[in-house]
Amino acid sequence: MSLEIGLRLSRGDFALAVEACLPARGVTAIFGPSGCGKTTLLRAIAGLEPQVSGRLRLGDETWQDKAYFLPPHQRPVGYVFQHAVLFPHLSVRGNLDFARRRCGDGPGPGFDEVVELAGIEHLLSRATPNLSGGERQRVALARALLTAPRLLLLDEPLAALDRQAKAELMPCLERLHENLSIPVLYVSHAIDEVARLADQLLLLADGQVEASGPLMEMLTRLDLTLAGSEEALAVIEATVSAIDRDYHLTRLAFAGGGEGRELWLPGDHLPVGRKVRLAVHARDVSLTLRPPTQSSILNIIPVCVDALSSSGPAQTLVRLRAGEIPLLARVTRKSETALDLHAGQALFAQVKSVSLVE
Amino acid sequence: MPTDADIAALLITLKLAGLTTLILLIIGTPLAWWLARTHWRGKPAVEALVALPLVLPPTVLGFYLLVLLGANGPLGEHSLAFTFTGLVIGSVFYSLPFVVQPLQGAFAAIDRGYMEAAATLRASPRDTFFSVVVPLARPGFLTATVLGFAHTVGEFGVVLMIGGNIPGSTQVLSIAIYEHVENLEYARAHWISGGLLLLSFALLLMVYGLNRRFKVVGP
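If you're matching them up, the sequences are chains X and F in order.
Offset between the first sequence (1-based) and the working numbering: plus 1022.
Offset between the second sequence (1-based) and the working numbering: plus 883.
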């Protein structure tokens, strides 16, 4: 099943023209700078922008085309607004019941399941104006889930929150990702949120789609703005394979990485078998033609140069592949010449720092 | 002490004010909702029309109503002048702004986001109006109800023109006071005036007390 989008809107000097076909599974992040039309696109999908023209289909269900506009209250979406928008005249339970009463006993997740997932059992009888920012978002998320949506739309749910509240909501979003099979569109302008939650990425710039595809490919595509940024990173999905109790290190085998491709991470709190996401920043990866034998760096991975791209006058961005897994390295142009870097070359990546995405 | 005629005038006044307020809430709510939401270019004209009774001498309104509803008007022998029905029609026009304006203000103050949130929770526009808009506009409804009622109790000019002064049928308290003064029955005028003063104060106290944090469109 997929979400087919062909929407356009012209409002003053802002124009939105989005053509995309997104897989309706997992989390798709809509990513781009402020004002690029992310929220407008999300609102248009929910039917909240009646001036938007074009077509919109989820699976075999048409929500909008030339002569047809399914009103927002008939679209099976759950929407979490940036500022939660809880009804102030209803308690937390009243807000949840508002959704539950109108959606009957659909096939969606049950009340108890949703309340537990959002971690709001203790808030049910509270009045909504007295909730903290993080609590409001969790209630809003639970309320949206109770409509048994076929598509969940999250509009920067973390943007208005402080660190503490973000730390509360993030695990909740991850549980959502793991436990429910509802496809999610997630609007964000923070790359760390995207790296943590998204499976697919839709890059938006000036109201148009710059590119879309699987997260790991998109992060490392040299022709896109993401790889060019100072914060450029690759994300690796890995499984905890062993714990070294003596040195308090965790060994991680990464999926699709092939034989011998593993990483060490400081710390020993993760259980063996746990799947995690790792971030490897381009600036933390250096290249060497022969594996160093006397180095303090633990993570040395055999890789293959995939492509190169100039990154300013002094630096070069190198896209690498460790088996199927793409990685980025930022090296100087001087080193590029010294190592005679070229596509197809086999060498070793020294990864100075790997971090859990959390 | 008030006489039977005064009691009759009191009952007519309360009946008139109650009925007028009810009718105004029924027609004023959709009108105020429309005014609060429309971007139509003719909106200021409609708002001016609604507000007209605020500035017009009541006798002007009463005069036109008399022409329209009287025996020489389009209704002919079904004339409503000097009847209780005529009185209700006149009061509805005269108290219209006191109901529509607080409602319009209350509706306009409701963040659109609540209605959008309701839509994404599968509430139809009609459902949203009754389950979100009305509860959120409750202070506006309270203000509108009390002001509409109190202002109808206090009207004089329109009533005099369209209703005449028929005891037991169209004689309301404000006119009863006028008549008592004309007849130099000051004691009886005192009873009714004092009663109206207290009633009006109590009603307004209720509005301002309950709506402490809500903007009241004053009379």
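Among the clues, some could well be false.
Label pairs and their in silico Cβ distance ranges [stated by the list, open to error]:
1) X:T1084 x F:H961: 54 to 62 Å
2) F:I909 x X:T1084: 34 to 42 Å
3) F:W923 x X:G1116: 46 to 54 Å
4) F:G1078 x X:G1034: 58 to 66 Å
5) F:R995 x X:A1227: 24 to 32 Å
Source of the hints: derived by calculation from the structure; they are not laboratory data.
Cβ coordinates follow ideal geometry from the N, Cα and C atoms, glycine included.
Problem - Unsatisfied constraints (hint numbers, rising) - result: Hint check: 3 fails alone, others pass.
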